[in-house]
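Let the hints inform the model, and build the full structure from the sequences given.
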Amino acid sequence: MIKHFSVVMIALFLTTPAMAAGSDVELQKLDWSFSGPFGTFDKAAMQRGFQAYREVCAGCHGMKLIAFRNFADLGYNNDEIKAIAAEYEVQDGPNDDGEMFMRPGIAADRIPLPYANDNAARASNNGALPPDLSLIAKARGNGPDYLFSLLAGYKDAPEGTAVPDGMYYNAAYPGHLIAMPQPLYGEDVTYSGGADDSIEGISSDLVQFLMWAAEPKMEVRKRIGVAAVFFLGVFVVVSYMAKRRVWADVH
Amino acid sequence: MRPLLPTLFSAIPYVGESIVTLLWGGFSVDNATLNRFFSLHYLMPFIIAGVVVLHIVALHRFGSNNPIGIDTKGPQDTISFHPYYTIKDVFGIAVFLLLLAMVVFFFPNAMGHPDNYIPANAMQTPAHIVPEWYFLPFYAILRAVPDKLGGVLLMFGAIAVLFILPWLDRSPVRSARFRPLFRIFFWLFFVDAIALGYLGGKPAEGIYVILSRVATAWYFLHFLAILPLLSMFETTKPLPKSISEPVLKETLKRAPPLGAGLEPAE
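Going line by line, the protein sequences match chains E and Z. Under this note's numbering, the first residue of the first sequence is numbered 1, with each subsequent residue one higher. Under this note's numbering, the first residue of the second sequence is numbered 1, with each subsequent residue one higher.
Please note: incorrect hints may appear among the correct ones.
Cβ-to-Cβ under 7 Å is the rule here; a few derived chain Z residues that face chain E [as the list claims (entries may be wrong)]: (1) ILE70; (2) PRO114; (3) ILE118.
Just so you know, these hints were derived from the structure itself, not from any lab. Every residue gets a Cβ at the ideal spot worked out from N, C-alpha and C, and that includes glycine.
If you want it as structure tokens, here you go:
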């Protein structure tokens, strides 16, 4: 019976539809610190990733699900979080006169969005909409590898491929023509402490940050998972022994 | 799948369009459609609860089946539900929970789809719509038929055929254990169903269409031709005289005396 069950389980996994991406996209497979059942985020890389997001991507992409207080997960303490929030101007209101007003951000605020609405975002980007990055690492198949490959995937178009105005050639993007201009060239951000600021270095920092944003509780999930699987493993063994014992006199 | 299901009814000649409008509650998928399908799904658990009651009634009337597929002949053939089956079920549930925990904690997205993390947009259909995995075999059948009405009929027929199974498989021997040919065809059918599931998740083009057609044909051939023929012509292995016989024979080999320690059944 158990044999049959595992066959069915495997079959179910096989039938899960793979994300239908173009077959000729180049996906680089990387070893992420957060993959595997014991994987954890790299706090220093996430802090650098946030810095890169803020200095490079935030001009076009919002992260509307992330509040400053969430940055406690990146290893910032309360004072640091307040200081980061205060560097932003946040709209608040209406006040007693019915007017909206600007004030420095506080820890409870979400990161302010770059555009007032989607139409404004399209208007500034040749009609293309830069997607919100809060969940992007889970909204694409093989999220982390795909994001890394995308950011490091800008190349000269191969001969014979026409690249229209306002489009750019990217080896990892399905269809290869993306409306986002190459965001990273290396040395785009100045890291304190001399971390790797090549395209690949910044990209992998961004992936750490974006993966955390998409699933802030991943470490907790895996920690509970290890305990649960251990407990249930013991339970399986004990219940099997009990079953053998009870059935001994029938067999 | 949601917008897909009502549109399937449009394949019905003459009244199809009106049925779709009725199901949608309008001329396009809208709030009314959501309400309708929500209430339908709310109704389902009650139907399932009713079927569970039927199941329990039948269990009490006729008793449970067994892997050997022959009727009980007397108390030596039965054992009590508790503790034997309660403890066996505890073990089964433990194994299931272990696998479930692995999926939940380590692969929570394995059966999901990245598109589920993109906010819904009424103005834009995702590039690749694929049904949930458990619909994929039937989706493959639907697409295997070039004709829309035919595809819909075959798809629902794939489920409907299960309801007439007792009349298709008339073999007097209930257990596959004593039906060597049936066993082979059973596993062929198993592979076929998995293949259909795989093909349902692939784009409907080229070799996939051909394979879907072959697999669909085999699906119906299995039920409509192979099962009736098998039950007529298959030579089955001899049946044991009672349930306790094969069990006791093994016991005899390992530990005589015969039947010692057998619990009297209720």
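Here's how the hints hold up against the structure:
The beta carbon of Z:ILE70 is not positioned within 7 Å of any beta carbon in chain E (closest approach about 18 Å), and the interface hint is therefore violated. This hint holds: Z:PRO114 has a C-beta 5 Å from the nearest C-beta of chain E, less than the 7 Å allowed. A distance limit of 7 Å between C-beta atoms decides the matter here; for Z:ILE118 the minimum to chain E is near 5 Å, and the interface restraint holds.
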